[in-house]
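Chemist: For reference, the chains in residue letters:
Number of protein chains: 4
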Amino acid sequence: MLTIINQCLLCIYWVVLIQRIDLPDVQSSLAVPSFKLTRVGVKGVKKLAHVKRPGKKTIIPLVTTIDLFVDLPASQKGSHMSRNLEVAAEIIDISLQKPVPDMESLCAKIAKLLLERHEYATLSEVKATADYFLERNLPSGKKGLEPYILIAEARAKSTGEIKKLIGIKAVGMTTCPCATEVIRKMISAGNDAVVPTHNQRNISTLMMEVPSDDHEVDANDLIEIAENAFSSPTYSILKRQDEGKLVLDAHKKPKFVEDVVRDMLGAVLKKYEKLSDSVVVIARSESEESIHKHNAFAERVTTLGELRK
Amino acid sequence: MLTIINQCLLCIYWVVLIQRIDLPDVQSSLAVPSFKLTRVGVKGVKKLAHVKRPGKKTIIPLVTTIDLFVDLPASQKGSHMSRNLEVAAEIIDISLQKPVPDMESLCAKIAKLLLERHEYATLSEVKATADYFLERNLPSGKKGLEPYILIAEARAKSTGEIKKLIGIKAVGMTTCPCATEVIRKMISAGNDAVVPTHNQRNISTLMMEVPSDDHEVDANDLIEIAENAFSSPTYSILKRQDEGKLVLDAHKKPKFVEDVVRDMLGAVLKKYEKLSDSVVVIARSESEESIHKHNAFAERVTTLGELRK
Amino acid sequence: MLTIINQCLLCIYWVVLIQRIDLPDVQSSLAVPSFKLTRVGVKGVKKLAHVKRPGKKTIIPLVTTIDLFVDLPASQKGSHMSRNLEVAAEIIDISLQKPVPDMESLCAKIAKLLLERHEYATLSEVKATADYFLERNLPSGKKGLEPYILIAEARAKSTGEIKKLIGIKAVGMTTCPCATEVIRKMISAGNDAVVPTHNQRNISTLMMEVPSDDHEVDANDLIEIAENAFSSPTYSILKRQDEGKLVLDAHKKPKFVEDVVRDMLGAVLKKYEKLSDSVVVIARSESEESIHKHNAFAERVTTLGELRK
Amino acid sequence: MLTIINQCLLCIYWVVLIQRIDLPDVQSSLAVPSFKLTRVGVKGVKKLAHVKRPGKKTIIPLVTTIDLFVDLPASQKGSHMSRNLEVAAEIIDISLQKPVPDMESLCAKIAKLLLERHEYATLSEVKATADYFLERNLPSGKKGLEPYILIAEARAKSTGEIKKLIGIKAVGMTTCPCATEVIRKMISAGNDAVVPTHNQRNISTLMMEVPSDDHEVDANDLIEIAENAFSSPTYSILKRQDEGKLVLDAHKKPKFVEDVVRDMLGAVLKKYEKLSDSVVVIARSESEESIHKHNAFAERVTTLGELRK
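First to last, the sequence lines map onto chains A, B, C and D. If you count the first sequence from 1, position 77 lands on 77 in my numbering, and the numbers rise without skipping. If you count the second sequence from 1, position 253 lands on 253 in my numbering, and the numbers rise without skipping. If you count the third sequence from 1, position 157 lands on 157 in my numbering, and the numbers rise without skipping. If you count the fourth sequence from 1, position 65 lands on 65 in my numbering, and the numbers rise without skipping.
Check the hints yourself; a few may be wrong.
Any copy will do: because identical chains look the same in the list, a pair fits if it lies in one copy or spans two.
[Claimed, not checked] Here are the simulated lysine-lysine pairs, BS3-like style, with alpha carbons at most 30 angstroms apart: (1) K185 to K271; (2) K77 to K112; (3) K142 to K271; (4) K253 to K157; (5) K239 to K271; (6) K142 to K56; (7) K239 to K36; (8) K185 to K77; (9) K56 to K274; (10) K36 to K56; (11) K142 to K43; (12) K185 to K127; (13) K98 to K163; (14) K271 to K143; (15) K142 to K245; (16) K98 to K56; (17) K77 to K239; (18) K239 to K43.
Read the hints as simulated data drawn from the structure, not as lab findings. It should be emphasised that the depicted structure is a prediction, and the values quoted were computed from it without experimental measurement.
Kindly generate the complete structure, drawing on both the sequences and the hints.
Modeler: Okay, here's the thing in structure tokens:
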């Protein structure tokens, strides 16, 4: 028989009651069928974090969306998912008082603590994204904040190994080298003439592993590298003259998505020449083609060592 | 006391049992607090529908996503939402055997039947969208299917009045008239020279009320109107020469989003000169600006009568 | 003939040159065809804003996504869209130093300034959304930040009239009253027994016009109202006992989406009894039905005066 | 010098002209910097395809969204992306007349032809998704179409090796085993009583490699497996009694996302016992938790061989 829960009278008693009873730990019961699982956790957790870059005074507020996972052995029915939220809250809420130096460190701290709290796990993984604003010199000469997206990841193993990555998404402009040369020929323009071509919004991603030694990878530098790889960076505010100059500059530097990825890789090689061969590099570029309804895409997932060959 | 439901033994008995009992109609009970509601229903219903245009042989399969609403009087606690699904299933599933002539008629039929089934409702509203493919002449001279989005709506009143709308979303290309003229001046080009400018993907929407008399509004014509209003339509396949020609053509016809909307309105006025003044027209254009991270947008919501003034 | 733009030598000269030339104002030229436009502007502008509530010390950082529009007369070819961005930057960037009291005031300031800068406009409209975190008492007794969405709007007329709205989106839980009673009957449970039913994630929206007089509408109160209208608010962290209690509480308060909307309306009436009849109220509730692949939805768009009838 | 393009007079001449000139192949020029690229191609291509299952009469129309990539050697500046669209059009447009047996074969054909057309490529990759409708027995005893998502992938190597995968996304319902047992204890209910718990919409994905031998993997079977792994499948139409029964059934079969993944894996092992050890299996389950604002997630990426250990 199921005992009636009286909403009015028993409610207070019941609250008192349940504090004494020993609640079942269903997650720790045996799994049937007993397969191990690669990743178990939570997705889409929204948290406010505070970052303060080394040597800077400003606190950067980041509205982060986080995914947190651990693996699960074949014997355990469930992962204690509330622990993921407790770990995220502990570390991120502390950041509101004591800001972390960067988002990848935040992820690494969370990944490490996830392994401690999930005693059955051998791997943990944390992924975070956040809107990010960086001061840029506008073509008008003024300064202004432009929007970007930060991406950070960390993976920890029960052996103690931790990998962390920092990355960015930047929006820029590409002008098509193919249409440029085809049209140059079609209108018999000289090699140094600026000719019309199709151009479009491009979204590029650059991610790098951050080694635990002294050589720091800064998200701002990755934004710089991505923006230099576009035909032109773009800006919120452009008055007529700035717009004209930006468009002409972009036409002098036509770029396929392939070029954007390669130029990011080239700049990464140059900028991070002291980093070790094992450092992972991910570069992606996607153009919302103005002449097509679909997008153009290029990608390289590699290591500094591979790039140096 | 709550009777135990025995999972093993009583299960079959219980199924038999419930077929005899009189189940409560909670939706029809009194609402507290008793406010009437403007729209109550379901969103995101996915259905496969079949359309066959008058005088055509081909059956067009449409994967539609539908929202269906009725109003709800202050006295009634809940709307019987399963009736919305029954109505949608009845009318759309029949279309698989006996195709409807167009998507707006499908919505109108559903809207009418919704009012019959929800005896307490005075208004019903149905919105549907679907991917749609139309054969176009590619610049290469070949024919090919290009993707569009169909939008249909219908609103019915218990007085018998029914309004239906058909609309489309088309993706095209706009070249900026402002940068064109600024750059023409900056590089001292003549008035008839094709000069570089920024261009981008543009998504335009054109919707029209479909009167119940003889004059038919055809979604294919609305697509035609939208594509003519762009600097250029776009195509899935463009070989080098076609790409060059399309880009040059688009540069000879620079368009603000404002121009795209106005040119759609102008073409609608001309095409539908026999339709009555009361016919609703909605025109929107949004450019994914290549020189900015944000979009440019223009809109006119009006009637043919207003446009004719 | 189009003058060659020499990329190397003339670049600096050219920059100097263009500062002397008089650039064309294409937007101010005549529109052909000459229809007026309802809304012209920009969408998806991302800005960081600072809000400080009256009487509070904490600065709230808001990553806002803003749409800004004005109308456009039939005579004018284009709206000067860069002015929208300048206005947004001016007002929002100042907020980083001198925080605004609330997001709807920010929108109203922008809407007002838009009309000043677009001398041809008679209407302006600003819409903003932002992730927002509010401290809540977790069931465990601890305090924690829960995520919400802020929505603010402002519309200004050249006659001086300004309307502003503040709203919120909150995520909660609903348990179905219909399945509750049907199952109560099916398992012959008593009227006060807590019986199983289907429950699901619900996203509710509550927006209110904010009059320009003393009576303030606070987004935090709207969140409070929405969370009370759910079967239960939800929390990031729930340990076993808290989870059990929350689920039982939610089962004692079953709610249709219709109930959620009506209970929000009822609470609004009570809370804002001093506000005038003309104040606009918008309440929406959408349940991601666990027993269906589609969503259930209810809405009322009205005024306090209508609700008081 | 840039020749003036006269929009009125020279337009026809110019079209004639360009048909004689030899257009530059910019993509084939040397890449600087010369890094190879992992994936280069197009994303978000929309096409209508026709599928006819072996032994069935009905033609299934599929609105597919496709991504197509090849790799690019360090020496080549650009990939000829229009070839991707030509290949997709050739194979998919033929399917409208001669339907393919399944979506993974369609992808495999495209992947193979991509390698032929991109003579510099050593790898190709094709990913496609489509809305899909399958007839199910509704609880009412009637039959009805329920919506799912098909996922197909193919990867080809220049060595001749081709891998193809077929997968599905299904929406169902999960009831929480943890809250079930905690509440059972809190309300002192017996072990066989059906007690309240939180439940929610769950979206699960099951993908399998399809070997090229006789043993066929059918998307419909994967849907069957996924729906059996939920606490309950869900349906578009549920009348009161069906709803009550479905909710009670789901409460008798509480499932973590971990359980859903494991039960899919268990059913895959049983169903495909004749398939070889090397066959890749991907199983994912995500619950839109009703008691939280975030989602719960579990995943296993593995092979049949690993599962058999």
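Chemist: Given identical chains, is K77 near K239, meaning Cα to Cα at most 30 angstroms, within a copy, between copies, both, or neither?
Modeler: between (61 angstroms within a copy, 17 angstroms between copies)
Chemist: Since the copies are identical, ignore which copy is meant and state whether K98 and K56 lie within 30 angstroms (CA to CA) inside a copy, between copies, both or neither.
Modeler: Both, since 14 angstroms and 21 angstroms are each at most 30 angstroms.
Chemist: Checking K185 and K77: alpha-carbon separation at most 30 angstroms within a copy, between copies, both or neither?
Modeler: For K185 and K77, the Cα distance is within 30 angstroms only across copies (19 angstroms; inside one copy 67 angstroms).
Chemist: Tell me, please, which holds for K142 and K56 at an alpha-carbon limit of 30 angstroms: within, between, both or neither?
Modeler: Within. Shortest intra-copy distance 21 angstroms satisfies the 30 angstroms Cα cut-off; inter-copy 33 angstroms does not.
Chemist: Within, between, both or neither: how does the pair K239, K43 come out at a Cα-Cα threshold of 30 angstroms?
Modeler: between (42 angstroms within a copy, 18 angstroms between copies)
Chemist: How do K239 and K271 come out at 30 angstroms by Cα distance, when the copy is not named: within, between, both, or neither?
Modeler: Cα proximity of K239 and K271: none, with 33 angstroms in one copy and 38 angstroms across.
Chemist: Checking an output row: K185 and K127, CA cutoff 30 angstroms. Within, between, both or neither?
Modeler: neither (48 angstroms within a copy, 36 angstroms between copies)
Chemist: Indicate which option fits the pair K142, K245 if close means a Cα-Cα distance not exceeding 30 angstroms: within, between, both or neither.
Modeler: within (16 angstroms within a copy, 39 angstroms between copies)
Chemist: Taking 30 angstroms as the upper bound on the Cα-Cα distance, should K142 and K271 be classified as within, between, both, or neither?
Modeler: Within one copy, since 27 angstroms is at most 30 angstroms while 47 angstroms is not.
Chemist: How do K142 and K43 come out at 30 angstroms by Cα distance, when the copy is not named: within, between, both, or neither?
Modeler: Only across copies: K142 and K43 sit 23 angstroms apart there, 40 angstroms inside one copy, limit 30 angstroms.
Chemist: Is the C-alpha distance from K56 to K274 at most 30 angstroms within one copy, between copies, in both cases, or in neither?
Modeler: Result: close within a single copy only, 24 angstroms intra versus 48 angstroms inter.
Chemist: Up to 30 angstroms between alpha-carbons, please classify K253 paired with K157: within, between, both or neither.
Modeler: neither (44 angstroms within a copy, 34 angstroms between copies)
The structure fails to meet hints 1, 4, 5, 10, 12 from the earlier list, while all remaining hints are met.
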